[in-house]
Amino acid sequence: MSVPAAPVADAVATAPVTARRRSGRWVSRLGIGGWVALAVVTVVLLVAALGPLVLSTDPDEVNLSYGYVGPIPGHPLGFDGEGRDLLARLIHGARTALIGPAIVVAVSTVLGTAIALAAAWVGGVFDTVVARVTDAMFAFPGLLLALLAVSLFSPGVTVAAVALSISYTPYTARIVRSAALKERSLPYVAALGVQGFTGGRIVLRHILPNILITVVAVATLSFGYALIDLAALSFTGLGVQPPQSDWGVMVAEGVNGIIAGYPQESLFAGGLIVITVGAVNFLGDRIEATSEVPG
Amino acid sequence: MTALLQVDGLRVHLPVEGRLRRVLHEVSIEVAAGEALGIVGESGSGKSMTARAIGRLLPAGARVEGDIRFGGADVLRLSGDALRRYRSGGVAMIFQDPRAHINPVRTVGDFLTEGLRTHQRLSRKAATRIAVGLLADVGIDDGAHRMTQFPHELSGGLLQRVMIAAALAAEPLMLLADEPTTALDVTTQSEVMAILDRLRRERGMAMVFITHDLELAGAVCDRTAVMYAGSIVEQNASARLHSDPLHPYTQGLVQARPDIASTTRLVAIPGQPMSAYEVGNGCPFAARCRYRADVCTTQVPPLRPWHGGWTRCLRAEEIADQLAAQGANRG
Amino acid sequence: MNALRFVVGRLVGLVVTLLIVSFLVYGALFLAPGSPIAYLTRGRTTSAEDVAAIQAQYHLDKPFLQQYWLWLEGALHGDLGRSIIYRQDVTTLLGERAVNTCYLVVAAAFVILVVGLPLGVLAGLRPGWLDRGILLGATGAMAVPAFVAAVALVSVFAVQLKWFPVFGQGQGPGARIYHLVLPAVALALSFGAYVARLTRAAVRAELTSEHVQTAESRGIPRAALIRRHVLRNASIPIVTVSGLTVGGLIAGAVVVEQAFQLNGLGSYLIAAVGQKDFPIVQAITLIFVSAFVVINTAVDLTYVRLDPRLRLGANR
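Chains as they are written, first to last, in the numbering used here: chain Z, 197 to 491; chain S, 4 to 334; chain D, 44 to 359.
The reader is advised that the hints may include incorrect statements.
[What the hints assert, rightly or not] Per the computed footprint, the stretches of chain Z lying under chain D, defined by three or more beta-carbons under 8 Å from a beta-carbon of chain D, are:
| id | stretch |
| --- | --- |
| 1 | 298-307 |
| 2 | 338-350 |
| 3 | 456-469 |
[What the hints assert, rightly or not] Subject to a maximum C-alpha distance of 20 Å in a straight line, what follows is the list of computed SDA-like cross-link-like pairs (lysine to any residue):
| id | chain 1 | residue 1 | chain 2 | residue 2 |
| --- | --- | --- | --- | --- |
| 4 | D | K105 | D | L67 |
| 5 | D | K319 | Z | P438 |
| 6 | D | K205 | Z | G457 |
| 7 | D | K105 | D | Y69 |
[Said to hold, decoys possible] Computed, partial: chain D to chain S, Cβ under 10 Å:
| id | residue |
| --- | --- |
| 8 | D93 |
| 9 | D122 |
| 10 | V255 |
Calculated from the structure, these hints are not laboratory results.
If you're wondering where the values come from, they're calculated on a predicted model, not measured in any experiment.
Just so it is clear, CB atoms sit at the ideal spot from N, CA and C, and this is done for glycine as well.
Excised from the complex, chain Z in its bound form:
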């Protein structure tokens, strides 16, 4: 027979009978690395949003006599093959490089989360079907779908973004569904049900806020993947169309420069992609880590 260690009252107080929220402390659990990553991402977003307004240099102004010229006063990064200012192109390119992924993430996260929550709550055949489909489509290469879409309609970011949104939804749905199922199995959900709250209310006001960290983590990671996929598409010439500046386009255009011995365009644009995706991935990792209950 066991030894009751503490009065019964203590045991009752620690059981989660009421709905709970995990908040506040996660800020400190991001860690230094997480905050640095967040800062980097914020800077990139700010530059993309405000840079073109602040910068006066025209990214599209061609001046062939300046082709591949290095840094000179007023043009700190030099020029590309057609004499266009690199810094201006990179800053303007940030917009197209980031807006696409933002749309993809917004749509796929909302759709995926909605489907996941519905499946986790309703259960039954619907849930089984959702589980099967999301399992099969989980790692499906979005780029293929984007290519198919582009071939049906026309090259461009919009078409690709829609296709990617569709292909990322199962990825989001699978992860969110698994988190929602875990949350749903907790005692407080049953308690709320017994108290007479409707399913919709329980899901939206209790389950969703408690798995929000997971949703944010998935969205952050999806942003990185979408950025890569869209930039890759632009690289092949089927996404953002030249002469518009976009990091993916610039990597492709810069290949001629590399062969001629001027790698700046490709490497700067590629470097920005790597830094942004790296920071986003790291941030997503850290956010996900904050949802782990300390042992």
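Here the structure of chain Z is known, so what remains is to put chains S and D in place on it, guided by the hints.
Using the frame of chain Z, we list chains S and D on its own:
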């Protein structure tokens, strides 16, 4: 007569959230060959840590000080072949949750024969024969069939018997049983306990038996040590623990045990069990002790012999009557 | 026997998925704006005979489901239609290119297995500065998309150091391998890093697991312990993850082929999209997606072979 196992002044610190924290403080116990010692305590008392220290299974980063001697050898300094021999023929550990402690992707037979094939270099056939015999010893008759099954196909009780059989396979001198029945349901508990007890006595093995159940320790062990917050607070013959507690904590444990005949309210020990690094100066139990006096918070009491056993209570003599009168509080 | 039922079930699932996929790929044609004929002939001057030929090829006069069935039947017999641009059988056009793409993907997989996996195991088994270095490197490498890696590798190793050729695939086995080095590394980089990280996490988790403690407590020598308990158990999540990287490898191959001007299915797909040669787009998409589904199913079956808990449908 030198004891088989001698633990002297064992102090262990573990890294917790980046800092070293004390979990065991001056633990000293002795176990003679063939003798069974129970270690009783709540969570955080350090009882599991003691067993792990003896078995050389502390997590990386642990700081261990003190002395552990097994058959004269310095356990803490063993390495290489000597360490392997200690683990395969000296002590054998039985863990609490068999499902977590047996590799789920290998067969039961693989688990049972692994030690035999590795250390005694027996052939698979020979090892299998021995294993089937061991399974019969623990009450599993269709051993040959069970050997081909995977752990998830067996119930918790069966799995724990398999664990016991595996421990016996090495023919150890001493068993380290870390709450072997806690994870099982009550009926299975008594079955498994009976098997363990019988086999141990039959084979004359010593045992250190970790549990939170005072009565259980009393049933299978000759002597029992009671631990609290990383220290041993009492050691006594098991039979006398109930009738003659030498420490207020033990008294508290005994009184808190529900008795089917009793109709009075349970007397619980106020407060929460603490780990070694959470207690302040002085006696570790002082904060929760009903006999607390000023002297209890100023000095750490030593473990001293008294009244046929050992106690860490400074006021043991003063409160002797109240300790002995615990029977009056119950039904 | 339950294992057999599981395998059969999985194979049936595979066939069903392939049917669904082929249906979607075929039906995608009808999503395009305008009528199928208008879409297939857009941007080109076509004679009445061409239009009639296309009509016949796509059976556009017949009901939709029958069209699909006829197309599928043809596909299974190796007839994927004719390219609109080149007026040749799609199968002929794809044949050699498919082989090239296979070489690339296999080479990349080889790099991942030979570099990524061992690094992950090493990092998992030996915590310390080596482990931290590998983790940092892998995290960084994961952020490098295949096309950026391709361009960077070309810049450093082909143009500056001149150790490797820049474009093309070379003739003869030796030259082909030589030409495949940079593309394979570019493709393998981010996925290899992902596999390394995951392997490290899996090995670490197993190393500290309770069943490994049991083996330790029995004095099992470290080498045997790592082989029979740590790696054996860690192989389960590792195999699962491998399935996930297949999709990425396919997408990456498309871009890498383009970057290195390798004559494979990927670069051809991009060209066909640009030229609006839909039968090619359809066929290559079908091949890629089918490969994805087949490989994932194979991974699933391997996974079940490794983890006995799944075979009998027991609770885990």
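For this session: Tell me if chain D covers the stretch 456-469 of chain Z under the three-residue, 8 Å CB rule, please?
Result: Per the Cβ count (6), the hint holds.
Problem set entry | Verdict on chain D covering the stretch 338-350 of chain Z, criterion of 3 CB contacts below 8 Å | holds (count 9)
Problem set entry | Minimum beta-carbon distance criterion (10 Å), D122(D) to chain S | 46 Å, violated
For this session: Verify the proposed pairing of K205(D) with G457(Z), using a straight-line Cα cut of 20 Å.
Result: 12 Å, holds
Exercise. Holds or violated: is the Cβ of V255(D) closer than 10 Å to a Cβ in chain S?
Worked result: 8 Å, holds
Problem set entry | Hint validity - D93(D) Cβ closer than 10 Å to any chain S Cβ | 61 Å, violated
For this session: Verify the proposed pairing of K105(D) with Y69(D), using a straight-line Cα cut of 20 Å.
Result: Cα-Cα ~14 Å, so holds.
Exercise. Are the Cα atoms of K319(D) and P438(Z) separated by 20 Å or less?
Worked result: Distance ~19 Å between K319(D) and P438(Z) Cα, so the pair holds.
Exercise. Are there at least three residues in the stretch 298-307 of chain Z whose beta carbon sits under 8 Å from a beta carbon of chain D?
Worked result: Violated: only 0 residues of the stretch 298-307 of chain Z have a Cβ under 8 Å from chain D.
Problem set entry | Pair hint outcome, K105(D) versus L67(D) [Cα-Cα no greater than 20 Å] | 18 Å, holds
The structure fails to meet hints 1, 8 and 9 from the earlier list, while all remaining hints are met.
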